[in-house]
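Protein chains: 2
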Amino acid sequence: MNNSPAVQDFYPEDFSHCRGCGRLNPQGHQFKTRRDGDETVTHYTPAPHETAVPGFVYGGLIAALVDCHAMATASAAALEASGVEIGEAPSPRFVTASLKVDFMKPTPIGVVLEARGRVRERSDRKAIVEITVTVEGVVTARGEVVAVAMPATMIRA
Amino acid sequence: MNNSPAVQDFYPEDFSHCRGCGRLNPQGHQFKTRRDGDETVTHYTPAPHETAVPGFVYGGLIAALVDCHAMATASAAALEASGVEIGEAPSPRFVTASLKVDFMKPTPIGVVLEARGRVRERSDRKAIVEITVTVEGVVTARGEVVAVAMPATMIRA
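Chains as they are written, first to last, in numbering that gives the first Met the number 0: chain A, 0 to 156; chain B, 0 to 156.
Just so you know, these hints were derived from the structure itself, not from any lab.
Quick reminder that beta carbons are idealized off the backbone N, C-alpha and C, glycines included.
It cannot be assumed that every hint is accurate.
Claimed, not checked - Restraint ranges, calculated between C-beta atoms of paired labels, are given here:
1) B:Glu135 / A:Pro11: 21 to 31 Å
2) A:Glu79 / B:Glu79: 31 to 41 Å
3) A:Glu120 / B:Ser81: 37 to 47 Å
4) A:His48 / B:Lys104: 50 to 60 Å
5) B:Asn2 / A:Pro47: 49 to 59 Å
6) B:Asn2 / A:Glu120: 28 to 38 Å
7) A:Asp8 / B:Gly54: 16 to 26 Å
8) B:Val111 / A:Gly82: 23 to 33 Å
9) A:Val83 / B:Lys104: 23 to 33 Å
10) B:Gln26 / A:Val111: 14 to 24 Å
11) B:His48 / A:Gly109: 23 to 33 Å
12) B:Asn2 / A:Asp123: 49 to 59 Å
13) B:Val110 / A:Pro4: 35 to 45 Å
14) A:Gly109 / B:Glu120: 42 to 52 Å
Claimed, not checked - Okay, derived cross-link-like pairs now, DSS-like style, lysine-lysine, Cα gap no bigger than 25 Å in a straight line:
15) A:Lys125 / B:Lys104
16) B:Lys125 / A:Lys104
17) A:Lys125 / B:Lys99
18) B:Lys104 / A:Lys104
19) B:Lys125 / A:Lys31
With the sequences and hints as input, model every part of the structure.
Laid out in structure tokens, this is it:
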């Protein structure tokens, strides 16, 4: 399990500078989303300074993880719909139209977070993605994210 | 205008390590929320690496700004309800129950972001806060955030 290539490793080079998940952003989190059966998964251990209050992970980091993992989940679903495996072609880049995160419980810091994604519905241009964030088997946050294929207005000449 | 003390400068020391807005987190953004008439305001210029795709601000950073600014807006409202000005007493600490951000347009990087907050409704324990993020007069994101007074389970002995 969890052994597909990472979606983000196949984003086009021009779109691989994301603070959350760009492989070319050395100051970024470099989140990696992989396929795991019907779901996608990202594992990430926040740095000690990524804290909200002592002992707990910053909600903004959780929101970032939910966001990037959802975009990559939409990308993986688009690839799958084309009959292409992750890594066989560039991963299509999606951007976030809407991000909703419900924080169910405080998320303890110092342990690995597991984000799982599942596409609830999709068309060629849009996907609605559901995310759970789990720590040591306990769901601490749930996300619902609307992803849209990157508009031409975000592509610089 | 914008000249009230910052809410975050008066969070209790133990709760001033937030990655987004803690004055004691040297690796944090150190967002500062001030009162401006009926609203609150935070100004922030993202660092060049806080990018989504080249030219645009990372959505996770915008979510972080919305989140911290909303918590501080809830705190300012709680102070006001007690008849206390920002800085006259410790700012009460709120945590995020739910964070929703709608990204209306791509947010250009390299210029100052203005987040404005307004409390839509509140009780002693909870507030619903509306946020706009504006760049050069254009609203690029809107947030709706549910803030709750920090639960005792997040306070470490």
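The hints, checked one at a time:
1. In this structure, glutamate 135 of chain B and proline 11 of chain A meet the distance hint of 21 to 31 Å, their C-beta atoms being roughly 28 Å apart.
2. With their beta carbons about 52 Å apart, glutamate 79 of chain A and glutamate 79 of chain B fall outside the hinted range of 31 to 41 Å.
3. Range check, glutamate 120 of chain A to serine 81 of chain B: about 46 Å between beta-carbon atoms, so the 37 to 47 Å window is met.
4. Between histidine 48 of chain A and lysine 104 of chain B the C-beta distance comes to about 31 Å, which lies outside the given range of 50 to 60 Å.
5. Taking 49 to 59 Å as the suggested C-beta distance range, the pair asparagine 2 of chain B and proline 47 of chain A does not conform, at roughly 34 Å.
6. Evaluation of the 28 to 38 Å hint for asparagine 2 of chain B and glutamate 120 of chain A yields a failure: the beta carbon distance comes to about 48 Å.
7. At roughly 22 Å, the beta-carbon separation of aspartate 8 of chain A and glycine 54 of chain B lies within the given 16 to 26 Å, and the hint holds.
8. Checked against the hint of 23 to 33 Å, the pair valine 111 of chain B and glycine 82 of chain A fails, with Cβ atoms roughly 46 Å apart.
9. Our hint of 23 to 33 Å for valine 83 of chain A and lysine 104 of chain B holds, since their Cβ atoms are close to 31 Å apart.
10. Taking the beta carbon of each, glutamine 26 of chain B and valine 111 of chain A are about 20 Å apart, inside 14 to 24 Å as hinted.
11. A hinted range of 23 to 33 Å holds for the C-beta pair histidine 48 of chain B and glycine 109 of chain A, which are about 25 Å apart.
12. Against the hinted window of 49 to 59 Å, the Cβ-Cβ separation of asparagine 2 of chain B and aspartate 123 of chain A comes to about 50 Å, which satisfies the hint.
13. A beta carbon spacing of about 36 Å between valine 110 of chain B and proline 4 of chain A agrees with the range 35 to 45 Å that was offered as a hint.
14. Look at glycine 109 of chain A against glutamate 120 of chain B: about 36 Å separates their beta carbons, and that is not inside 42 to 52 Å.
15. Among the hinted pairs, lysine 125 of chain A with lysine 104 of chain B is consistent with the structure: their alpha-carbon atoms are about 16 Å apart, no more than 25 Å.
16. This hinted pair checks out: lysine 125 of chain B and lysine 104 of chain A have alpha carbons roughly 16 Å apart, not beyond 25 Å.
17. Restraint check for lysine 125 of chain A and lysine 99 of chain B: the C-alpha separation of about 18 Å stays at or below 25 Å, so the hint holds.
18. For the hint pairing lysine 104 of chain B with lysine 104 of chain A, the CA-to-CA distance comes to about 31 Å; that exceeds 25 Å, so the pair is violated.
19. Taking the CA atoms of lysine 125 of chain B and lysine 31 of chain A, the gap is near 35 Å; set against the 25 Å cutoff, the hint is violated.
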